[in-house]
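Asker: Line by line, the protein sequences give chains B and E. One point on numbering: in this note's numbering, the residue at position 254 of the first sequence is 254, and numbering is uninterrupted. Here this note's numbering = 1-based position in the second sequence + 1000.
Simulated from the structure, these hints should not be mistaken for lab results. Some hints here could point you the wrong way.
Claimed, not checked - Residues from chain B that face chain E, not an exhaustive set, calculated with beta carbons under 8 angstroms:
{"id": "1", "residue": "A64"}
{"id": "2", "residue": "L69"}
{"id": "3", "residue": "D190"}
{"id": "4", "residue": "A216"}
{"id": "5", "residue": "Q233"}
{"id": "6", "residue": "L234"}
{"id": "7", "residue": "V253"}
{"id": "8", "residue": "G254"}
Model, not experiment: these values are computed from the prediction. Just so it is clear, CB atoms sit at the ideal spot from N, CA and C, and this is done for glycine as well.
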Amino acid sequence: MPQTPATSRRALLFGTAAVSAGALLTACTSNEPKDQAQAADNAAPVADDKPGKAVTIGFAGPQADHGWLNAINTNAKSRAKKYSDVTLEITEGSNDTAQQIGQVQTLINKKVDVLVILPADGKALTQVGLQAMRAGIPVVNLDRIFASPQAYRCWIGGDNYGMGLNAGHYIGEQLKGKKNAKVVELAGLDNLELTQQRTKGFDDALKNYPNIRKVARQAADFTVESGQAKMAQLLQAQSSFDALWNHDDDQGVGALRAIDQAGRDDFLMVGGAGAKSAMDAIKAGNSVLKATVLYPPTMAASAIDLARALGQGKGVGGLAEFEIPSSLTLYSAVVTKDNVDQYLPTGFI
Amino acid sequence: MTQPTTAAHDDAPTSTAKSAGDQESSRRSGPRWGWDVRTLSLLGVLAVLVAVGGITAPDEFLATSNLQLVLTQASVIGVVTVGMTFVITSGGIDLSVGAIVALASVWATTVATQEFGFAGILFTALVVGVGCGLVNGLLIAYGRMVPFIATLAMLASARGLALQITDGSTQIVSVESVLDLGARDSYILGIPPLVLIFAAVTVIGWLVLNRTTFGRRTVAVGGNAEAARLAGIDVRRQRLYLYLLSGLCCGIAAFMLIVLAGSGQNTNGNLYELDAIAAAIIGGTLLSGGRGTIIGSVLGVLVFTTITNIFALNNLETAVQQIAKGAIIVAAVLVQRRSLHGDT
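Sequences and hints are given; from them, build the entire structure.
Answerer: Spelled out as structure tokens, the structure:
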């Protein structure tokens, strides 16, 4: 698969973001029935594309050493660029807790209007979230959640449990009617809470299918190298099984390589996160990879939308509330050959 | 860092001529073939592991395909360990090996993948590896920096550069001739090409360390640098060459990793430095220098890879794997000590 230049990738993401936002906003402004006019009068001011009050958003994310995290940064930047009334103050990504705390404090001192924080470690960054809130700067907590609800005004993130659940249900439906079906799990970094949540969701889903048994689980490190190594071992250990759930599409590149090297094609594979390479493989349909459950990096673009709405004191289009919600969990859609074209533009490299 | 002194202390009783200095004692305690007590006891550990594997997973462990797998998985880190053995034997350390593997693999897959094919990828990986080794060597030999610090700096900057080049994304290789090298039908007499590369590097490494002036100089520099200088050895140039050699091994390993994983990623080679150092040390190479064994290092790598394989075959959790791995390192070193004392 040839590399797509970075510029076209950004343009693609930017384009989709703009198109989907446009669609959303048209939907909520044009379809208002007349008999609800009175209700509409009471309705909250809704954030839209029209330039409003100028908002400076501070963005502090972790180091983009992984495809998904890189897509997070790209999504946030391109979304902010879309709004003429938004200025994005972005700090250099860091996986070092102390350094990230310092960066957020710098943004507080700069008196940005709203903060978007994707913490390297949610628990460890809670205090600085509280600091910001106390300084009167509302915080949009992106993905990795702070330990205290007081530390953020709004949380938006993915659904790790839901990823496992949806992967499990998809596999369950595919293997319906198959007696003594065996599944294998290639998990992500075991010392991350999200890995345990993904496994829990998967196990819970499988309980609905008594014909399926999980026969092996190995944890990799979210890297291609570890994915190849662990998958090669799993294939050696399990001479036959029916389905594989792999938590992460980046390590899935390595897993697919190991499967290819072992010459195996006797099972179906479901990936996780939604990398472009995985979606390409699903679309091509020439490998064991049949589906991937999303953990959309577009949440960063949505976080910018929410931060802008917060800064302008507006609600969210399509909702009756006066304020933006306090939490938003994205849906982990299952991408298959049938709907891959719809999701392909969000696939990250 | 108490390990070197204890190890040196243990080594002394086996020497028949203690007064002759580190350099001499090292040559006596480590005979020409490198098959000393440490190496033999490590072979014993490996035999025990094979027995454990054969008992716990009889059908899977002894299958040809599994032996091919274990050797393949040992190959990449094995090549790095051979280079590391030279550096440690000379009394140095190279903490940057994992980062160099990462940088070489991403550089070779971003710059060279599409346009220059197989040769481009191989050449770029080797040049980047040697280039990083050159920088390390110049800083240490002529900049008089402590190896620990110089290579730590290289670790940080090479990882950073790898991240910058890739922007965090995985560089997928589409050059078929490279990918084919990792495929089953490219096996030669049932041996994967990567394993053959590993074997070749091991044999050449052994010959160079045990049969050449370069090898003798390496041991001499590690044993007593001042004595080596007085004996007419250009210590600084020797050191430069050693880090170059380590860098070259990293370049080879990076190419092998590209073949194996079909991609370049800035996370490649993660913690290779610790794995390579651990393998060399349990293999019998002295962290304080003056004594090195390529065979021991390779056995050390095989022990680690076999452990990982047995755990995966028995579906053990990662946490259990890590605890057991630590325990086995301690056990292997204790067994070596005991057999050394028994020898005296």
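Asker: I'd like to know which numbered hints this structure contradicts. Please list them from smallest to largest.
Answerer: none
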